[in-house]
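Chains as they are written, first to last, in the working numbering: chain F, 9 to 436; chain S, 614 to 695.
It should be emphasised that the hints constitute simulated quantities derived from the structure, not laboratory data. Be a bit skeptical, because a hint or two may be false.
Claimed, not checked - DSS-like, lysine-lysine: derived pairs with alpha carbons at most 30 Å apart:
#1 F:Lys138 x F:Lys235
#2 S:Lys628 x F:Lys138
#3 F:Lys138 x S:Lys651
#4 F:Lys56 x F:Lys223
None of the values given here were measured: they were computed from a predicted structure.
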Amino acid sequence: MSRSSSQRVVVTGLGVLAPNAHGAASFAGALREMKSGIRYHQHLADLKFGCQVGGIPEGVDELQKQYLSEDELFAMNHNMIYAAIAAIDAWTDAGLERQAPDSEPDWDTGAVIGTGIGGIDTIAEKLAPKVQEGRVSRLGSSMVEQVMSSGNSARVAGLLGLGNQVTTNSSACTTGTEAVVDAFLRIREGRAKRMLAGGSEGSSHYIWAGFDGMKVLNRTMNDAPEKASRPLSASAAGFIPGSGAGVLMLESLESALARGARIYAEVLGGAVNCGGHRGGGSMTAPNPVGVQRCIRDAVGMAGIEPSQIGAINGHLTATFADPHEVNNWSQALGLPPERMPWIHSTKSLVGHALGAAGGLECAAAVLELHHGFVHGSANCEDLHPGVEAYASRIPQQTIEAPELDVVAKASFGFGDVNGCVIFKRFRS
Amino acid sequence: MSQEQVFDKVVSILKPFVRSPEGLEAVKMETTILGDLKVNSARLVDVVLEMEDAFGIAISDEEADQVACVGDAVNLVLNKQA
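Make a model of the complete structure from these sequences and hints.
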C-alpha cells in the first residue's frame with residue numbers, strides 16, 4: 009500500500025437503508041420525487057408519545073433474511089441490522105465480491121460506521137429486565153456484542169472480512185458525517201485503500217423517548233405524517249425522528265482507477281470540530297463560531313472558492329436552529345443570501361436519523377451530484393421569517409441541475425460538535 | 614422421551630447456530646458441535662439455556678463444559694430424565 013500522503017479519495021459505492029427507500033438507485037429516485045418516509049406509528053401513540061410519527065425503513069423483517077443468517081441475526085438489534093444491510097450494499101455497489109468466511113482478511117479495507125444511541129433497545133428490552141430480576145445467568149451470550157458501542161461496525165467487519173481499522177465513532181447527530189471525514193483522512197494519508205464510512209441508528213421507541221421528553225419532537229402533526237418534518241418552515245415545531253443507515257465506500261483514486269470502479273464523486277475536503285460550549289454554544293446548541301470555522305476549514309481544505317459550491321445539503325432539522333444554521337452558512341462562505349448555493353434538507357423527507365443522519369445525507373449529496381439534481385426541501389412552503397432572505401435559494405421542488413459540480417454537506421450535533429464534507433463531481 | 618426424540622430436539626436447538634450446512638446434513642451422535650457444526654463457541658451458553666427450557670432440566674456449568682458432541686448433549690438430557 010502506498011504510504012505517500014495526499015491520496016485523492018473518491019466515492020465508489022453507496023449503501024442506503026432509509027425510511028423512504030432501500031438501495032442507492034431507489035433512494036435517488038425517492039429524493040427526486042420528494043417521497044416522504046414519515047409514517048404514523050400506533051405503538052408510539054400507545055406509549056403516549058407526544059410525537060407519534062417517525063421514519064422507519066420498511067420491509068426489513070423480510071429484507072434481513074436475504075442478507076443475514078439465522079445465527080447472525082440471533083445477536084443483532086436493528087442498529088446492527090441496518091448497518092449490515094447498508095454496508096453490504098455499499099460493498100456490492102462498489103463492484104466488490106463477498107469473500108468466503110475462511111478467506112484472508114482484506115487488510116486494505118476498514119470501516120468507520122458510527123451510531124448516536126446504539127443498542128439501547130437491547131438494554132431496555134432484554135438486559136435490564138433480567139438483571140433487575142436477578143437472572144443474569146439467563147442473559148445468554150449475545151448481550152455484549154449488541155450493547156457495545158462498536159457492535160455495528162464489528163458485525164460489518166465479520167460479514168465482509170475487513171482487516172484495516174474498524175471502529176464506531178459517536179458524536180450525536182454529527183456522527184455519520186464525522187465518520188466520512190475520518191475515513192477520508194485515513195485514506196488520504198495512505199493508511200487504507202478503502203473505508204466503509206457512515207452511520208446507523210435503530211428505530212426503537214427507547215431511542216426516541218428521550219427526545220420526546222425534551223419536547224424537541226414535533227407533536228403537532230400526528231394526523232399528517234408526511235407534512236410533519238418541516239425544516240426551514242415558520243410552522244416547524246421540532247424534528248421528526250428517523251432511523252436507518254447510510255454507508256459510503258470511500259476509496260483512494262489510485263485503487264478505484266486500478267480496478268476500473270465506477271466513481272460517484274470525489275471527496276475534496278472535510279473538517280470536524282467542537283464549539284466548546286462557549287460563545288452561545290452548549291450541550292444542545294451550537295457555538296456559531298465553531299460552526300463557521302468548521303465549514304471554512306472544510307472549504308479551505310477542498311481548495312475551492314465558496315462560489316463554486318452549487319448546493320448545500322444542510323443539517324436543518326426543523327428546530328429553532330434552522331435560521332441560525334442558514335445564517336452561519338452565509339457568514340462562513342462570505343456569500344450574501346441572494347448568492348448562496350441551493351440550500352435544502354433531506355430530513356424533510358426521511359426525518360432526523362440521528363447517528364445515521366450524516367451517512368444518509370452524505371449519500372443523498374453524492375447522488376444529487378452524480379445524477380445532477382437538487383431535491384426539493386419539503387414542507388417549507390411557509391418559510392421561516394429568519395430565512396426569507398434566502399427564499400430564492402431554497403428549492404421547494406426538485407431542480408434538475410446537470411451543471412451541479414460541488415455539494416457541501418454538514419451535520420451539527422448535541423455536544424456542540426460539527427462536521428462538514430465537500431463532495432465534487434469527479435473529473436480525471 | 615426416547616433417545617431419538619431427544620436427539621431431534623437437541624439438533625433443532627443447535628440448528629439456528631450451525632454455520633456448516635454440510636455438518637448439519639450429516640449430523641449424528643458423534644458430530645462435534647464446534648468442529649463439525651462450526652457453532653460459535655460463545656453460543657454454547659445459549660444452547661444450554663435453550664436445552665434447560667426445552668427439557669425442563671437444570672444444567673450446571675461443569676456439566677455444560679463436558680458437552681463436546683451432539684451425543685454428549687443427548688446423553689446429558691437422558692441421564693437427567695432417568
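To see whether the hints hold, each was checked on the structure:
Between Lys138 of chain F and Lys235 of chain F the alpha-carbon distance is near 40 Å, which puts this suggested pair outside the 30 Å criterion. A distance of roughly 25 Å separates the Cα atoms of Lys628 of chain S and Lys138 of chain F; the hinted pair therefore holds under the 30 Å criterion. Proximity of Lys138 of chain F to Lys651 of chain S is assessed by CA-CA distance (about 29 Å); at most 30 Å being required, the pair is judged to hold. With a C-alpha separation of about 13 Å, the suggested pairing of Lys56 of chain F with Lys223 of chain F holds against the 30 Å cut-off.
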